[in-house]
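> Given only the sequences and the hints, what does the whole structure look like? Please build it.
Sequence order for the protein chains is A and B. Residue numbering for the first sequence follows UniProt numbering, beginning at 1 and increasing consecutively. Residue numbering for the second sequence follows UniProt numbering, beginning at 1 and increasing consecutively.
Hints in this document: simulated from the structure, not taken from any laboratory. Don't take every hint at face value.
Unchecked claim - With a Cα cut of at most 16 Å, we get these calculated EDC-like pairs of lysine to aspartate or glutamate: (1) B:Lys19 / A:Asp90; (2) B:Lys19 / B:Glu36; (3) B:Lys19 / A:Asp75; (4) B:Lys6 / A:Asp75.
What follows is the residue order along each chain.
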Amino acid sequence: MGGTDLPLVLEFGGGAELLFDNVKKRQVTLDGSKTWKIKELLGWIRDNLLRERPELFLQNDSVRPGILVLVNDADWELLGELEYELQPNDNVLFISTLHGG
Amino acid sequence: MSTACKSKCGNRAVLKRPKTGDALCKECFFLAFETEIHNTIVENKLFKNGDRVAIAASGGKDSTVLAYVLAHLNRKYNYGLNLVLLSIDEGITGYRDDSLETVKRNRDDYGLPLKILSYEELYGWTMDKIVAQIGRSEALAFKDTTKKVVRGICSKCGFVSSQQPCKACVLLEGLNRGLPKLGIGKKSKGDRMIAQQNKELALKERANLVKNDF
Ligand SMILES: [Zn+2]
Ligand SMILES: [Zn+2]
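Rendered as structure tokens:
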């Protein structure tokens with residue numbers, strides 16, 4: 001065991017929290033002995049946190065269109081999207097915009 | 001890894017504008033977004049000083065942004081508009097009363113008067129009463145032949161929408177072309193041109209009929 005942790009804050013909003021026991025914000029700790037890209041985080045979320053209807057959150061190995069992803073308040077588009085390598089204490093926010101106007 | 005704001009303000013960019021591809025910080029994005037809307041309003045002469053303008057508010061994100069931007073620009077540029085939030089209460093317990101709470105927050109946040117018109121006032125019936133009259137809501141079913149809403153992806157912005165293009169893109173397109181659907185009783189240039197053409201066609205038609213009568 002390397003003894004290294006990768007602590008992250010995950011937030012779900014705009015209705016996305018409904019798929020996660022209605023919890024909007026949670027602290028998680030991943031195995032820090034390896035690197036984590038967001039695409040791997042998505043798999044981890046699916047296996048560990050997602051409670052219902054995964055198709056409303058994930059689609060084709062990414063988030064479903066209409067879900068915004070912000071890392072430390074910046075759009076993940078600026079960071080390489082799925083390829084962004086997570087850093088300790090990153091805040092990753094998923095906002096669903098699927099609830100109409 | 002971070003990208004600098006394209007406006008060279010020294011801040012870290014937080015988003016890439018879909019419209020331009022520019023990486024901008026929060027402040028510069030707000031300024032660019034609000035300035036474009038202001039320019040559209042001015043160039044297309046959408047409003048006159050003293051106009052009373054109702055903002056149709058559902059409590060959703062689109063009308064919330066609209067209410068915020070109009071209230072903000074009205075103050076910043078002294079449009080002299082008399083803005084009102086207008087909401088419709090269909091009388092669906094647990095659905096509309098939630099979103100009406102959001103509209104009430106819009107009222108407080110942006111300092112705008114709010115008028116809620118209910119189905120009850122308009123028609124003497126709430127949706128709940130209609131359902132109660134027809135039968136238990138569980139007993140209500142759609143016929144197989146009923147066309148249902150299909151969730152698709154907006155061809156313009158890629159967001160999920162049952163409409164093609166989505167309402168936001170229609171609104172934006174309308175604003176860009178100066179055909180707003182925001183005001184009460186506002187006639188756009190396009191509407192007037194169509195009305196003029198229809199009138200000419202009708203006159204021609206009548207002239208033809210008169211000619212054929214002879
Ligand atoms: Zn900036
Ligand atoms: Zn769209």
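> Next step is simple, just say for each hint if it's right about the structure.
A quick look at each hint next to the structure:
For the proposed pair lysine 19 of chain B and aspartate 90 of chain A, the alpha carbon gap of about 28 Å is over 16 Å, so the pair is violated. For the given pair, lysine 19 of chain B sits about 12 Å from glutamate 36 of chain B by alpha-carbon distance, which is consistent with the 16 Å threshold. A hinted pair counts as satisfied when its Cα atoms are at most 16 Å apart, and lysine 19 of chain B with aspartate 75 of chain A qualifies at roughly 15 Å. Restraint check for lysine 6 of chain B and aspartate 75 of chain A: the C-alpha separation of about 15 Å stays at or below 16 Å, so the hint holds.
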